[in-house]
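Read off the chains here:
There are 2 protein chains.
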Amino acid sequence: MNKQISKRTLSRLPVYLSLLQEKEREGVEYISATTIANLLDLNHVQVRKDLSCASSAGRPKVGYETKVLISDLQNFLDYNNTKNAVIIGAGDLGKALLGYGGFTSYGLNIVAAFDTNPEICGTLIKNKPIYNAEKIEELVKEQNIDIGIITTPAQFAQATCDRLVKGGVKAIWNFAPTSLTVPKHIIVQNENMATSLAVLSNKLNESLKE
Amino acid sequence: MNKQISKRTLSRLPVYLSLLQEKEREGVEYISATTIANLLDLNHVQVRKDLSCASSAGRPKVGYETKVLISDLQNFLDYNNTKNAVIIGAGDLGKALLGYGGFTSYGLNIVAAFDTNPEICGTLIKNKPIYNAEKIEELVKEQNIDIGIITTPAQFAQATCDRLVKGGVKAIWNFAPTSLTVPKHIIVQNENMATSLAVLSNKLNESLKE
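Which chain is which? The protein sequence lines are A and B, in order. Mapping to our numbering: the first sequence position 22 is 22, numbers consecutive. Mapping to our numbering: the second sequence position 2 is 2, numbers consecutive.
Be a bit skeptical, because a hint or two may be false.
Copies of the same chain look alike in the list, so a pair counts if it works inside one copy or between any two.
[To be verified] Pairs of lysine to aspartate or glutamate residues, derived as DMTMM-like cross-links and limited to a Cα-Cα distance of at most 20 Å, are as follows: (1) K166 - E137; (2) K7 - E137; (3) K67 - E22; (4) K128 - E138; (5) K203 - D72.
Hints were generated in silico from the structure; no laboratory data involved. These figures come from a predicted structure and were not determined experimentally.
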């Protein structure tokens with residue numbers, strides 16, 4: 001069923017999951033699609049449809065058992081099947097990602113980072129080793145890394161990407177503000193801050209006109 | 001025409017813009033929707049439709065004049081109408097955003113950051129002043145700040161948000177991994193890294209099955 005799911009639904013599932021985890025911590029044992037919809041400002045029909053991709057646990061009147069829905073979503077999103085990743089570029093953004101504790105619960109294990117700055121190569125940042133960028137290919141191969149996360153300046157992103165691909169990564173998560181050229185079989189997910197900013201600005205302009 | 005544009009189209013416009021700026025730097029004077037579509041791995045009909053929301057400059061056979069299309073997109077996205085923003089939380093992510101030079105070209109002017117750490121309050125980071133978080137309301141009012149960017153840990157995000165709202169911001173860009181409650185007239189854009197990660201993981205799983 002994974003094949004048919006739309007990108008939009010897919011990108012809402014982690015949002016549901018994080019809300020449910022919040023509610024579980026607050027002691028909420030059952031939750032309805034309508035409640036979820038209200039809390040997230042979504043339509044309840046949409047929420048029901050989205051959740052039905054990942055779980056068949058919803059019951060009329062009672063709603064979903066929070067714990068079961070969380071586990072169904074985690075399974076569906078494959079968060080229990082951990083993938084290894086490395087970060088290239090241990091600047092502020094790289095450090096922020098290294099220090100973000102939440103990734104392991106999303107099935108992402110950041111193993112190490114690479115940088116070209118000799119002063120930090122060989123040190124630990126946020127308890128993760130920082131290696132010299134010259135060793136990308138070697139270490140990616142050795143440690144069977146699936147995902148390369150690029151947080152370098154734009155002008156170094158393509159060369160970095162090429163090294164990751166040579167090392168054998170299957171996917172690139174690109175935070176550098178530039179487009180990358182990769183072989184057909186490599187997956188690229190671009191993280192473009194400007195995209196969110198455009199949506200925000202547009203909503204803001206509309207609200208100022210009202 | 002702004003009213004009818006879909007969120008999906010809207011979030012692609014900055015991607016076109018950044019590609020066009022790259023091409024302009026490379027000296028490309030004219031570019032076709034088909035070329036843009038190929039470079040971004042999108043459908044050319046989609047690209048033509050998206051661009052028609054912002055520009056009527058495309059001509060058969062010739063395509064778009066790069067410079068004109070860039071300027072049309074910038075106007076449409078209101079990037080020439082600068083909005084002031086502050087960042088709350090000068091940790092690694094806050095610093096990464098403070099140091100990101102690209103925001104001004106997207107119409108976002110980050111004026112200052114706030115933190116609770118007395119060691120950095122009163123200093124400059126990336127040439128921007130860091131103020132004590134106690135002063136959020138006062139300074140947001142005084143300096144007419146439109147957007148508050150929250151990069152605090154999750155547990156402080158709601159209190160931070162409340163202060164920003166009291167100070168008079170119109171929009172919140174939330175990077176903290178938690179949901180926020182705001183008055184109806186306030187716009188919230190949540191930046192959820194897990195969302196992108198889910199899309200990436202799902203594509204990766206599908207490709208491994210093939």
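Consistency of the hints with the structure:
In this homomeric assembly, K166 and E137 come within 20 Å of each other (Cα to Cα) only inside a single copy, at 6 Å, whereas the closest approach across copies is 51 Å. For the homomeric pair K7 and E137, neither the shortest alpha-carbon distance inside one copy (31 Å) nor that between copies (39 Å) is at most 20 Å. For the identical chains of this complex, K67 and E22 are intra-copy neighbours only, at 11 Å inside a copy versus 47 Å across copies, given an alpha-carbon limit of 20 Å. In this homomeric assembly, K128 and E138 come within 20 Å of each other (Cα to Cα) only inside a single copy, at 18 Å, whereas the closest approach across copies is 39 Å.
In this assembly of identical chains, K203 and D72 lie within 20 Å of each other by CA distance solely across copies; the values are 19 Å between and 34 Å within a copy.
Of the numbered hints stated above, the single one contradicted by the structure is hint 2.
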